[in-house]
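*Asks:* Letter by letter, the chains look like this.
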Amino acid sequence: MISLPPGIIILVGALALPLLPRSAQAIGALALPAISLAQLLFLSEGVFPGIELAGLSLLQVRVDPLSLAFGYIFHIAAFIAALYALHVRDTVQHVTAMLYVGSAIGAVFAGDLITLFIYWEITALASVFLIFASRTQRAYQAGIRYLIVQIGSGVLLLAGILLHYHDSGSLSFDQLIGPDGNLSDASAGVWLIFAAFGIKCAFPLLHNWLQDAYPQATVTGAVFLSAFTTKLAVYALARGFPGTEVLIGIGVVMTLFPIFFAVIENDLRKVLCYSLNNQLGFMVVGVGIGTELALNGAVAHAFVHILYKALLFMSMGAVLYRTGTIRASDLGGLYRSMPWTAAFCIVGAMSISAFPLFSGFVAKSLTMSAVAEGYYMLTFIGLLIASAGVMEHSGIKIPYFAFFGHDSGIRCKEAPWHMCLAMGAAAVLCIAIGWFPQPLYALLPYPVVYQPYADFGHSVTQLQLLLFAALAFVVLKRTGMYPAEQASVNLDTDWLYRRAAPRVIRRIVAASRQVWQAFLWTGSELGRTLMRLVLNHYGPEGTLARAWPTGSMVLWVAVLLGASLILFYL
Amino acid sequence: MIFRIFLCLCAALVITEIAVHRHVIFSWEGWPGFYALWGFVSLFAIVILGKYLGRLIRRDEDYYDD
Numbered sequence: 001m002i003s004l005p006p007g008i009i010i011l012v013g014a015l016a017l018p019l020l021p022r023s024a025q026a027i028g029a030l031a032l033p034a035i036s037l038a039q040l041l042f043l044s045e046g047v048f049p050g051i052e053l054a055g056l057s058l059l060q061v062r063v064d065p066l067s068l069a070f071g072y073i074f075h076i077a078a079f080i081a082a083l084y085a086l087h088v089r090d091t092v093q094h095v096t097a098m099l100y101v102g103s104a105i106g107a108v109f110a111g112d113l114i115t116l117f118i119y120w121e122i123t124a125l126a127s128v129f130l131i132f133a134s135r136t137q138r139a140y141q142a143g144i145r146y147l148i149v150q151i152g153s154g155v156l157l158l159a160g161i162l163l164h165y166h167d168s169g170s171l172s173f174d175q176l177i178g179p180d181g182n183l184s185d186a187s188a189g190v191w192l193i194f195a196a197f198g199i200k201c202a203f204p205l206l207h208n209w210l211q212d213a214y215p216q217a218t219v220t221g222a223v224f225l226s227a228f229t230t231k232l233a234v235y236a237l238a239r240g241f242p243g244t245e246v247l248i249g250i251g252v253v254m255t256l257f258p259i260f261f262a263v264i265e266n267d268l269r270k271v272l273c274y275s276l277n278n279q280l281g282f283m284v285v286g287v288g289i290g291t292e293l294a295l296n297g298a299v300a301h302a303f304v305h306i307l308y309k310a311l312l313f314m315s316m317g318a319v320l321y322r323t324g325t326i327r328a329s330d331l332g333g334l335y336r337s338m339p340w341t342a343a344f345c346i347v348g349a350m351s352i353s354a355f356p357l358f359s360g361f362v363a364k365s366l367t368m369s370a371v372a373e374g375y376y377m378l379t380f381i382g383l384l385i386a387s388a389g390v391m392e393h394s395g396i397k398i399p400y401f402a403f404f405g406h407d408s409g410i411r412c413k414e415a416p417w418h419m420c421l422a423m424g425a426a427a428v429l430c431i432a433i434g435w436f437p438q439p440l441y442a443l444l445p446y447p448v449v450y451q452p453y454a455d456f457g458h459s460v461t462q463l464q465l466l467l468f469a470a471l472a473f474v475v476l477k478r479t480g481m482y483p484a485e486q487a488s489v490n491l492d493t494d495w496l497y498r499r500a501a502p503r504v505i506r507r508i509v510a511a512s513r514q515v516w517q518a519f520l521w522t523g524s525e526l527g528r529t530l531m532r533l534v535l536n537h538y539g540p541e542g543t544l545a546r547a548w549p550t551g552s553m554v555l556w557v558a559v560l561l562g563a564s565l566i567l568f569y570l
Numbered sequence: 001m002i003f004r005i006f007l008c009l010c011a012a013l014v015i016t017e018i019a020v021h022r023h024v025i026f027s028w029e030g031w032p033g034f035y036a037l038w039g040f041v042s043l044f045a046i047v048i049l050g051k052y053l054g055r056l057i058r059r060d061e062d063y064y065d066d
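Line by line, the protein sequences give chains A and B.
Once you know that position 158 of the first sequence is 158 in the numbering used here, the rest is easy, because the numbers rise by one and skip nothing.
Once you know that position 42 of the second sequence is 42 in the numbering used here, the rest is easy, because the numbers rise by one and skip nothing.
Because the hints were derived from the structure by calculation, they are not lab data.
We treat Cβ as the ideally placed atom computed from N, Cα and C, and that holds for glycine.
Watch out, some of these pointers could steer you wrong.
To be verified - Selected chain B positions facing chain A (in silico; Cβ < 8 angstroms):
hint : residue
1    : Phe3
2    : Ile5
3    : Ala11
4    : Leu13
5    : Ile15
6    : Phe26
7    : Trp38
8    : Phe40
9    : Leu43
10   : Phe44
11   : Lys51
12   : Tyr63
Stated by the list, open to error - The following residues of chain A were derived to be distant from chain B, with all beta-carbon distances above 10 angstroms:
hint : residue
13   : Ser3
14   : Leu147
15   : Ala342
16   : Arg411
17   : Ala442
18   : Phe456
19   : Leu463
20   : Phe468
21   : Val489
My request is simple: use the sequences and hints to build the entire structure.
*Replies:* Quick look at the structure:
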């Protein structure tokens, strides 16, 4: 059992789930991550050979601190999400969720690029069913768009891997970027792999599949989705592209632009998606700086982020489950009906905003000090603005518009016990990591000397930043300058392929149809003219078909004979 | 009432800042009240800019549904 590749137990178990009676499938799904985690704890570090195929060693397993950190948190997230989904009686969701989890874990421990590609594609194929499972027209269409983007990422990855293999002769999944971190010197294969990772990591302009698809997923599906796909991409970047300088710029843009969209978004799960995009930016900056401190920051951030983002998605999912809506314009005042969910949501909100003594603080401080120590001043300023932005959309907007604000009049039951238990577990972890960061630091790939609470001034200034940002919110609210929530949809880059591209294609189709019709008309006119000419000569009324009287023939013969007689005598 | 307590808390934080030693890397980080002002101005600007962005990109909920 110990020699099995991590994730295989969950993948095989997922396929066996349908054999269980419907009522036991949820419990089976809960047991799988627990069994797999037990196996992971017994794994020793190192690279284990896989199967030999055509001279290539495939399905290699690599266990090192980087893959272990992601492996642990993926298991914890899977367990919490499965606990949250305990009420679900839908075989498709349980099976695909576990296939998704198992393949994400397998990808993290992939030692070679082909194995990575295989798992990369299974995550895409399995996860789309968590969107389809909503069984609405919107979810179906969003799922198809999601699938196209994800499979596109996989195709780029495979093309990149093949080119890279052709250039370097190596399939092992190690650092792909050169030691100078300059992407412009890299080969075309490495560029393609970078683009594939970038799509899954929701780089700016490649991001919109995330905000398009996740809000359409089922209540429980969104919790799974929030944890794995994008963090797998962060892992892949940390493995293949540490210290790639262009990532710093990309990351800063990622932290900044979603916050403006989050301000005006009405769908609270979509707000969380923009927030997720912004959080990925912090991790991408950490990977881009690439020092030990920065990489530790990126991994620690991914670790705690999975917990509090899942917590926030769970609390909004519970609201959707109980009230049937997640529009900010329809919600408000729910703390009366769902006090526990409200409390857990606030823990998640304070963690993501990086309040001292919450998990976000101990992770984000690593990245921030790595940025400051590298004297990346503009990056530092950008991340400070982004921190205020996180406070706005996740720290205040999510809990405020769902549980406080104006009373919507909705009275419902508290979330089911297993949802509260799952949220409670995540909330306890968020607080525990905030108070005792050392066990988290011990999991990071490099030794940590950083102590987040050694510099009390840092905690004070962080609190200042957050509380004065909250003060600005209060002032905006009181003066009526805060934009009112209204039922709406906001355009993003998805407009390009949902509106602009179909319009252009429709026009091209219409234009080519016109050209084709003009061509057909010209052809038929030409043919008709030709036929008319032929008919004129050969048709029943044509010159050559006319019946001539014998008399005129005799006359013409006489003329010809006469003419030849004259010619003879001349 | 809650608003006043909140204001007092904010004021207390600015006063605390003077009392504690701070490890700064960029000189402007050390200006008194820098983080407080930065937090306030950032959120204010984000919301106002977001509002204008909303005028550009906000559409009816069923915009994509036809």
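*Asks:* Does each hint hold? Answer for all of them.
*Replies:* Results for each hint:
no.	hint	verdict
1	Phe3	holds, 7 angstroms
2	Ile5	violated, 12 angstroms
3	Ala11	violated, 10 angstroms
4	Leu13	holds, 5 angstroms
5	Ile15	violated, 10 angstroms
6	Phe26	holds, 6 angstroms
7	Trp38	holds, 6 angstroms
8	Phe40	holds, 4 angstroms
9	Leu43	holds, 4 angstroms
10	Phe44	holds, 4 angstroms
11	Lys51	holds, 5 angstroms
12	Tyr63	holds, 5 angstroms
13	Ser3	holds, 48 angstroms
14	Leu147	holds, 18 angstroms
15	Ala342	holds, 16 angstroms
16	Arg411	holds, 24 angstroms
17	Ala442	holds, 24 angstroms
18	Phe456	violated, 5 angstroms
19	Leu463	violated, 6 angstroms
20	Phe468	violated, 4 angstroms
21	Val489	violated, 5 angstroms
Going through the hint list in order, the structure does not satisfy hints 2, 3, 5, 18, 19, 20 and 21.
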